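Participant: Using the hints, put the two standalone chains together into the complex.
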Amino acid sequence: MNQPSDFLIVAAVLISIGIYGIVVKRNALRLIFSIELIANAVNLVIVAFSRMLPNPQGQVFVLFSIAISAAEVAVGLGIMIIAYRFYKDIDVTEYKNLKN
Amino acid sequence: MADALFVGLSILTVGSAIISLESRELLYGGIALAVSLLGIAGFFIILDAPFVAMFQIAVYVGAVAVLVIFTVMLVRSPNTVTKRETVKRKVAGIALGLAFLALIGSLIGNSVISQLGFSDTVPVVEIKEIGRELLTYYSPVLIVLAFTLAGSIIGALALARREDIEEKNEPA
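In the order they appear, the protein sequences are chains A and B.
Numbering of the first sequence is given in the working numbering, commencing with residue 1 and proceeding in unit increments.
Numbering of the second sequence is given in the working numbering, commencing with residue 1 and proceeding in unit increments.
Just chain B, same shape as in the assembly (with noise of 0.2 Å):
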């Protein structure tokens, strides 16, 4: 069964994420995400996958969290409140939630996942040995991987580049 801490931290990340997406303020939906992706992390922690729970800290809740933050301030107070849903869409939403929950419960609780377990003698996953694997068999992925996020980068600052600026300012 399922330990304390697990419990708390499952409480921690499901209930936060439902508060991102149902709290009436924009800004308090981007700091709950932070938060459930702070409970992701602690997961990693629990999976002895320190590395991947110190990356995820760095990238979602240091980086992403902020930049969701940033653009709910540059969006102006009006559209950051949410509007009234209709009935219908909302009962669709959820029973579609609740049927895709069914299905993947039904599956696992049938399944042979149900009775493995982890094992507790296997030495935890090295950093090291991540290291490894990422420059040695799957560098190439890692130079493709770089591109992309480049790509991503410089995509994203021409997309918010504002061309009637730039002609104010650059003197002819």
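Here chain A stands alone, though its shape is the one from the complex (with noise of 0.2 Å):
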């Protein structure tokens, strides 16, 4: 049978992966596939409590919490596109107009 601290375990990796990835990569779509990430492996651990305690409302905010992201990645896709149009790369290094 399952625990809770395995799916918190699992959560706690996906995290990881996500800090190592919004550190590491500097390509605009790999960060936003590292908060997707991250904010996946929070909903699994509200979900997971959820199911321990019990009690329904988790799974009700996780749903507020998976719409509130599908609008931050439609919002950050529409940003990565127009500075693509701008400076012909999605590279968040090149971005340096408003350095200075």
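You can take every hint at face value.
Per label pair, the in silico range of CB-to-CB distance:
hint	chain 1	residue 1	chain 2	residue 2	range
1	B	Leu116	A	Thr93	42 to 50 Å
2	B	Leu107	A	Leu98	34 to 42 Å
3	B	Gly15	A	Phe86	33 to 41 Å
4	B	Arg76	A	Leu98	19 to 27 Å
5	B	Leu107	A	Val23	17 to 25 Å
Hint data in this document are derived by calculation from the structure and do not stem from the laboratory.
What you are looking at is a predicted structure, and each value in this text was computed from that prediction instead of being measured.
Beta carbons: idealized from backbone N, C-alpha and C, even for Gly.
Facilitator: Here you go:
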């Protein structure tokens, strides 16, 4: 039988992969991938605790969280497309107009 | 201890999460991300939350993955291949990730969570109950969420608008 801590450890592994991606990658799409991984790991933790308590409100929160992060991806990809149109690159180190 | 299905899903999810960040082609990374999100949906099914799992598949695997793949197709090919990262930054990223993992792992191991278990006697949460929660106690949240989604979609459309084409199409 699974324990709640097993799910927490899987979520911690996913979050650390996401942190690695945010620190190392300089491609804008890979940064969005990393953010998605972290958001999903957090959803997994909430559902695991909701099953453990048991309390259905955790599932309701996860539904809200999934909808919010879908909106976030839509806006993020829109910003990425317009930045690509200006700079002809999706490498975030090339976006230098806001410096100085 | 964890059973075989859980171990298989964990390997699928974590493995494709790593592939999604480390694959050379960005398109394969997007597909691997979709597989990883599908693995999370499998975890939701193990946790007796089939409605959340279906929502996850519909929103993430259905919408977000397709959106990512279309974006990869819009970006021209030299940008979709990973450039070489500096070794220093890579080492820093791996060290930071491992430090976080060690911190959370030791926290989980030492806290009372490691002794708690799932109770088998409780009834499964019914979808009807989730719907009632959404429409009664959380109805203001649902309305705000609807406005947020509408605002973000309109904002994304306004961002991606091209003014140069629009002036050509509209006769004055």
